[in-house]
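There are 4 protein chains.
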Amino acid sequence: MFFASDNAGPAHPKVMEALVRANEGYRGGYGADAEMVEVTRLVREIFEAPDAAVYLVGTGTAANVILLATLANPWDTIFCSPMAHIHEDECNAPEFYTGAKLTLVPETNAKMTPESLRTAMEAEEIRGVHGPQRGPVSLTQATEKGTVYSVEELQALTEVAKDFGCKTHMDGARFTNALVTLSCTPAEMTWKAGIDAVSFGGTKNGLMGVEACIIFDPKLAWEFELRRKRGGHLFSKHRYLSAQMLAYLTDDLWLQMARAANTRTAELIAGLETLPQVDLLYQPKANVTFARFPRRDHKRLQNAGASYYIWDGDAQTGDPDEPLTARFVTDWSMTPDQVQMFLQHFAAG
Amino acid sequence: MFFASDNAGPAHPKVMEALVRANEGYRGGYGADAEMVEVTRLVREIFEAPDAAVYLVGTGTAANVILLATLANPWDTIFCSPMAHIHEDECNAPEFYTGAKLTLVPETNAKMTPESLRTAMEAEEIRGVHGPQRGPVSLTQATEKGTVYSVEELQALTEVAKDFGCKTHMDGARFTNALVTLSCTPAEMTWKAGIDAVSFGGTKNGLMGVEACIIFDPKLAWEFELRRKRGGHLFSKHRYLSAQMLAYLTDDLWLQMARAANTRTAELIAGLETLPQVDLLYQPKANVTFARFPRRDHKRLQNAGASYYIWDGDAQTGDPDEPLTARFVTDWSMTPDQVQMFLQHFAAG
Amino acid sequence: MFFASDNAGPAHPKVMEALVRANEGYRGGYGADAEMVEVTRLVREIFEAPDAAVYLVGTGTAANVILLATLANPWDTIFCSPMAHIHEDECNAPEFYTGAKLTLVPETNAKMTPESLRTAMEAEEIRGVHGPQRGPVSLTQATEKGTVYSVEELQALTEVAKDFGCKTHMDGARFTNALVTLSCTPAEMTWKAGIDAVSFGGTKNGLMGVEACIIFDPKLAWEFELRRKRGGHLFSKHRYLSAQMLAYLTDDLWLQMARAANTRTAELIAGLETLPQVDLLYQPKANVTFARFPRRDHKRLQNAGASYYIWDGDAQTGDPDEPLTARFVTDWSMTPDQVQMFLQHFAAG
Amino acid sequence: MFFASDNAGPAHPKVMEALVRANEGYRGGYGADAEMVEVTRLVREIFEAPDAAVYLVGTGTAANVILLATLANPWDTIFCSPMAHIHEDECNAPEFYTGAKLTLVPETNAKMTPESLRTAMEAEEIRGVHGPQRGPVSLTQATEKGTVYSVEELQALTEVAKDFGCKTHMDGARFTNALVTLSCTPAEMTWKAGIDAVSFGGTKNGLMGVEACIIFDPKLAWEFELRRKRGGHLFSKHRYLSAQMLAYLTDDLWLQMARAANTRTAELIAGLETLPQVDLLYQPKANVTFARFPRRDHKRLQNAGASYYIWDGDAQTGDPDEPLTARFVTDWSMTPDQVQMFLQHFAAG
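Protein chains in written order, with the numbering used here: chain E, 1 to 349; chain W, 1 to 349; chain P, 1 to 349; chain U, 1 to 349.
Calculated directly from the structure, the hints in this document are not laboratory data. Please note that the accuracy of each hint is not assured.
No copy is singled out in the list; a pair is fine if it fits within one copy or between any two copies.
With a cut-off of at most 35 Å between alpha-carbon atoms, the simulated DSBU-like pairs for lysine-lysine come out as follows [as the list claims (entries may be wrong)]: (1) LYS192 with LYS162; (2) LYS14 with LYS192; (3) LYS192 with LYS219; (4) LYS299 with LYS14; (5) LYS219 with LYS162.
Nothing here was measured: the structure is a model prediction, and the numbers come from that model.
Take the sequences, apply the hints, and build the full model.
The following block contains the structure:
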């Protein structure tokens with residue numbers, strides 16, 4: 001009953017096997033490994049983007065901020081949701097790498113809307129050199145709250161960005177969870193919808209710690225490489241990153257793991273919806289759920305060994321009827337039984 | 001016959017086994033894993049430093065620059081050898097993270113001397129706010145050229161630094177290779193010799209990609225943590241870093257691997273010394289050797305499948321008698337037979 | 001009828017005379033001029049702060065961002081109003097100098113309230129290293145909209161900051177305009193009210209281009225000096241900055257000029273309040289007024305030669321009844337006649 | 001007898017008159033003043049560069065670092081002399097603004113040579129992303145030691161830079177002192193010799209504190225403007241900068257002042273050459289002289305009230321025969337009598 005985060009569970013056994021396999025013999029360092037050639041080929045094929053630049057880094061923050069630094073100028077402002085990971089959870093790494101600032105665009109159901117984005121971009125009136133200039137738009141797919149932009153919504157947002165001559169970045173830490181929800185192609189969810197660069201997450205979906213950075217305009221590739229090195233994010237024994245990503249993209253493992261994670265969340269939601277004391281927040285469609293319920297239920301679940309984050313409210317003291325907000329995340333490794341056991345504990349109140 | 005780099009060979013099988021073991025079940029993220037508790041305990045024990053702050057990052061550049069940013073102010077200059085990795089091989093990452101500049105201290109046998117350091121630090125005369133201020137001294141042990149500072153040499157350098165009120169950093173990407181050469185304790189080679197912070201390398205010595213950052217003054221710990229996160233270097237699935245370092249420090253694996261690598265280099269040097277056409281550069285005592293020999297030998301070795309870096313000179317064209325400078329690095333996985341085979345090809349000229 | 005900005009009018013003749021006087025003979029550079037000794041003495045006396053560090057820079061942005069960089073860490077967030085000059089008008093200079101980000105605190109009448117500040121600081125929940133840490137609070141006195149914090153309001157805000165262990169900065173580009181409104185002492189409006197550092201503006205109040213930076217804790221002085229130099233803001237012929245500030249602080253010139261500017265705005269407001277088509281925004285108490293009135297009035301005023309900024313709305317096209325928002329600023333050099341002439345043109349519609 | 005610096009003397013009376021004149025009436029702020037239109041026209045005419053971008057800032061450091069940030073990438077290294085002001089006297093401002101590092105090119109007579117520059121640029125071998133990339137070359141004209149590059153030497157240096165695809169910057173803090181020595185045109189000393197951007201100094205040559213930044217490729221203009229604002233170097237009451245530069249360029253005032261300063265130095269050198277105890281360093285051709293002479297002479301000169309910088313050696317203690325190195329700088333305001341009086345005191349030993 002471990003719902004704390006999709007970074008808490010194990011990597012898939014096939015990933016570990018690939019690592020052991022990749023551990024044979026000698027390889028060129030710093031990305032010059034045979035596995036990376038194959039990763040690049042596969043990513044380009046899967047994204048139908050034969051010219052895309054493809055790179056690997058070790059953390060999601062690194063993927064986001066190196067890509068944003070490649071898209072933004074130091075005098076820009078980057079448009080994102082107030083719930084964006086780049087705003088809330090990266091300890092000023094975006095500001096450090098880009099020199100830019102962030103403008104928070106009001107969200108609905110954890111998603112920017114074309115209207116809220118347009119209003120924010122217009123409000124960032126250009127007063128010569130006085131204010132920041134309009135920079136890239138960064139959106140998270142699936143969002144930090146488990147909701148998913150439809151392809152049409154993505155298209156509408158990138159069109160707003162383009163109206164202002166701005167580029168777009170997708171924080172895809174949970175890319176695949178969104179993709180299997182939409183049942184569209186990776187190309188449809190990215191460049192065909194107007195996205196310029198993607199943080200294509202692996203870590204939250206069954207890898208040990210690898211994110212791919214995909215840039216559809218290869219003219220930006222060299223700058224990305226220099227910024228990655230200058231950030232200390234180029235791995236010498238790069239083959240171990242490549243091997244993970246290679247296993248991920250082989251035999252649809254990435255899709256299978258995301259489907260499993262999403263299915264567990266769907267089961268969780270189905271169960272929670274039957275509980276009168278639970279309010280579901282947002283309209284989650286991936287592997288993250290936010291719910292609000294009385295502290296008495298939390299105490300019981302906690303005693304039963306369930307693990308998840310309290311997002312809002314004081315879990316320790318006060319009225320047992322007082323509601324708390326909690327986040328539940330499922331990953332590929334969770335079993336249906338674990339979800340049901342959790343729901344039984346919940347219903348036992 | 002792969003002498004290109006100690007980042008080209010495999011990780012030790014025990015490291016892979018530890019990874020597979022660590023892949024069971026759930027863990028707290030971002031360093032809150034049980035394995036990290038054990039890593040911290042072991043590092044403190046091995047370094048006889050019960051209060052030391054211990055952190056893990058994925059690359060040697062990250063270790064160096066986050067530590068230096070924790071020790072330096074943006075208006076400082078950092079003193080290092082002209083051959084220092086932080087100067088030559090990190091694409092301005094030190095400048096990016098610290099805001100400081102580097103002052104190059106003349107080297108002898110790839111090592112700064114107390115005299116050259118004192119002269120450099122004095123020359124950085126303090127003219128109020130006009131020039132940079134004196135910042136930390138960073139030295140590499142073993143050096144980039146395979147030489148090793150004695151404990152007395154380290155002590156003498158750190159005393160110069162302290163005379164100017166400056167802190168000291170050791171880039172220990174090849175820490176263990178130096179340690180087994182000196183046959184001293186980790187404490188003797190670090191804090192007892194006046195070192196304030198260490199990049200304790202694992203990647204070049206049989207791990208997949210982990211470096212420990214050790215800070216002997218725990219008051220700097222929190223700043224380091226914030227700088228690590230802000231650089232994008234805090235891993236969510238941190239257990240996989242911890243597991244590698246734990247295997248490394250268990251049953252003297254780290255020492256065994258460094259001894260094996262150093263022994264291969266000793267065998268290589270012994271063989272090269274018998275070849276009249278070879279000039280050895282520096283006085284290497286770890287696992288790195290620089291040698292100078294005619295291009296005709298290089299061609300033959302290359303044809304035989306040997307791999308190593310040409311450091312200086314044009315390998316492709318020109319006079320077969322023209323000498324080239326090459327670097328040879330051995331790692332834990334190289335066998336004595338491979339060294340002897342290489343020497344036979346060399347001698348066959 | 002020039003209401004565009006308080007940076008558009010002339011410097012006071014006494015300032016020019018002081019400059020000419022200071023132009024005699026030789027002086028030490030970089031702040032080592034006799035005039036600066038006197039400036040420091042006077043500022044300390046006027047602010048009743050015998051230990052305060054006092055420095056001069058050439059622009060208001062420089063004053064703000066060097067002070068904030070001295071107060072903030074790169075992993076912090078700085079709390080300010082959404083209308084703050086540091087947010088809207090400094091092209092990411094705060095982010096550049098501090099490395100930090102800005103958190104926008106909702107305003108009422110262009111002022112942060114203790115409640116809105118507390119809510120914002122609490123919401124910046126400390127989640128270990130993930131989010132930014134709480135940094136300094138920066139408030140503008142008088143505000144960008146011409147309103148003025150009372151001493152009690154200042155006290156209440158700085159108490160909130162102190163509850164979170166945070167420092168406070170006052171952007172006093174229009175410091176004196178606020179001071180003469182409050183009829184309090186400089187000490188009461190700053191350190192006695194809990195302010196740690198002040199951008200004490202001169203440029204908008206009759207100088208050519210000088211701002212004093214006042215830091216009440218002298219332990220931060222040296223860091224400020226290094227950051228000023230590193231930003232390129234230390235003037236070699238510093239005497240010309242000192243001479244301006246010296247004239248400013250002599251014989252109450254600074255107070256006289258601010259009183260004149262404020263009186264002109266009071267006259268302007270008195271006149272505008274009699275015009276039914278004009279809505280005054282905010283409750284201005286210094287030398288800045290925002291008003292909303294039909295485009296037909298704007299056209300007439302423009303034709304009459306009046307100058308001011310249109311803040312909101314399209315001045316060129318559309319319905320003559322459509323309202324625009326305009327900003328009016330008065331400076332020391334404006335005459336009562338000019339205000340009355342402007343009001344006559346306004347009333348002539 | 002004030003030889004300490006060319007920033008210690010007064011501004012020219014015509015400059016003060018121009019300031020007083022410019023103080024009449026209202027002007028647009030932030031560079032939108034009528035005086036600046038005229039400055040731009042004059043600079044373009046004088047430099048025979050009708051498309052050049054022309055901007056004003058308040059300090060020489062600001063001019064250098066904003067220009068360099070416009071020419072360099074954060075992953076570059078900037079080539080300059082070890083005596084360059086940007087290396088020795090700007091407290092890491094170049095690193096702060098550019099993110100780049102500096103590579104020191106050996107000097108002869110305080111000047112880089114084409115050979116030393118080529119060697120340095122070649123040595124900065126491009127090893128993919130590992131080392132910094134080759135960035136702009138920055139040279140100082142006249143140099144910090146009072147020597148002057150000939151037009152042919154400039155041409156030869158910029159050709160080396162161009163061979164590597166790199167841009168060139170001239171730190172012209174003493175531009176005019178060099179220009180009148182060479183008796184060439186500003187165009188010949190800059191863009192015709194391959195220079196891309198110039199810090200065109202005024203402060204050391206009779207202004208209060210203004211430097212022009214001239215960029216010959218107008219495509220870089222907007223980036224410069226944003227970087228100037230982001231550095232806090234855009235003056236609101238910009239007319240006072242424009243007025244100074246306008247007076248400077250009117251009726252050859254700039255040339256007259258530089259000629260006067262250079263003539264005083266020529267007189268000084270002529271006198272020093274007759275003194276057997278004096279060794280002149282370098283071959284100065286502008287308004288700066290370095291000389292070496294016994295401490296006993298220094299004591300006598302000091303007692304006579306002469307002022308200059310001791311560059312090397314301890315002025316206070318020790319053997320009266322021990323030589324010191326001193327720097328003498330003359331400015332427009334020094335009279336021939338003052339030089340002769342100084343020489344008489346020197347000769348009186």
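Right, here's what the structure says about each hint:
1. LYS192 with LYS162: within (14 Å within a copy, 41 Å between copies)
2. LYS14 with LYS192: Answer is within: at 31 Å inside a copy they meet the 35 Å cutoff, but 46 Å across does not.
3. LYS192 with LYS219: both (18 Å within a copy, 32 Å between copies)
4. LYS299 with LYS14: neither (37 Å within a copy, 42 Å between copies)
5. LYS219 with LYS162: Both, since 19 Å and 23 Å are each at most 35 Å.
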